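Given the sequences, and given the hints that come with them, work out the whole structure.
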Amino acid sequence: MIRIAAVGDIHMGLDSKGVLRPAFETLPNCADLLLLAGDLTRHGTVEEARVVAEEVAGLPVPVVAVLGNHDHHDERPEEVTAALRDAGVRVLEGEGTVVEVDGARVGVAGTKGFGGGFVGRSGSEFGEPLMKEFIRYTRRCAEGLRTSLAELAEQGCDTRVALTHFAPVADTLAGEPLEIYPFLGSYLLAEAVDEAGADLAVHGHAHAGTEHGMTSGGVPVRNVAQPVIRKAFNVYHLKGGRSTETAAAASGSA
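Numbering that gives the first Met the number 0 puts the first residue of the sequence shown at 0, with every later residue one more than the last.
Be aware that one or more of the hints could be misleading.
As the list claims (entries may be wrong) - Ranges between beta-carbon positions, derived for each pair:
no., residue 1, residue 2, range
1, Val118, Lys238, 25 to 33 Å
2, Gly102, Glu132, 42 to 50 Å
3, Ala152, Met213, 19 to 27 Å
4, Lys16, Leu177, 32 to 40 Å
5, Glu132, Ala56, 35 to 43 Å
6, Ala173, Glu142, 21 to 29 Å
7, Gly119, Ala56, 43 to 51 Å
8, Gly87, Glu150, 16 to 24 Å
9, Thr146, Leu177, 28 to 36 Å
10, Glu132, Gly17, 39 to 47 Å
11, Glu178, Ala81, 30 to 38 Å
No lab work stands behind these hints: they were computed from the structure.
Remember, it's a predicted structure, so these values are computed and weren't measured experimentally.
All C-beta atoms, glycine included, are put in the ideal place defined by N, C-alpha and C.
This is the structure in structure tokens:
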């Protein structure tokens, strides 16, 4: 059984030092790896990224992350990524990584993703150049996720997880205003997950959303935005195939 801890939207600032560290130090007792689903900082500054890095530096479990829209706000995502990687975090964007857990190979494919909406109510590559680029950017993110998941399968990963910031399904947005759904995710991400295959999809971004959802292909989707799970992290048990269950979340909260 693979135990995956996950949280997103922790929005750490300079006044957040040490808030999550006590909970993260319990991870070896309940999880095999930690996934961070974007919006790790408030404004995407390098200083805030270093606060996040200190929270996870030296943890005895692997930490895998994607950035979120907040982490891009200061327009320095490369430096934010570098600060996290200096602390040992595997930051993904259109790529995958493999974690060894008791002889099993767990593959995590990650992308920030982007918006566009969901089947029947989505944007299209039509009209003004800016609108075309909006959807093309989402499509590129989805294609990176699809390719990464497929490559992880080729590498013999027993379990595969799709990690994004933006939502792949509308299920986990329930509770958010319908008007902003197109800015919270895209069905293209779910298509990528279903086409390449995964055992679990994890995302954040939708603070007023719902934890549980599923792609049309039957892949469980979990919204782990901290305002949704209301804990330092949740732990999900993967038993193989596409079954997943939620364990009691760890103590501590931000």
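Exercise. Could you tell me which of the numbered hints above are not met by this structure, giving the numbers in increasing order?
Key: none
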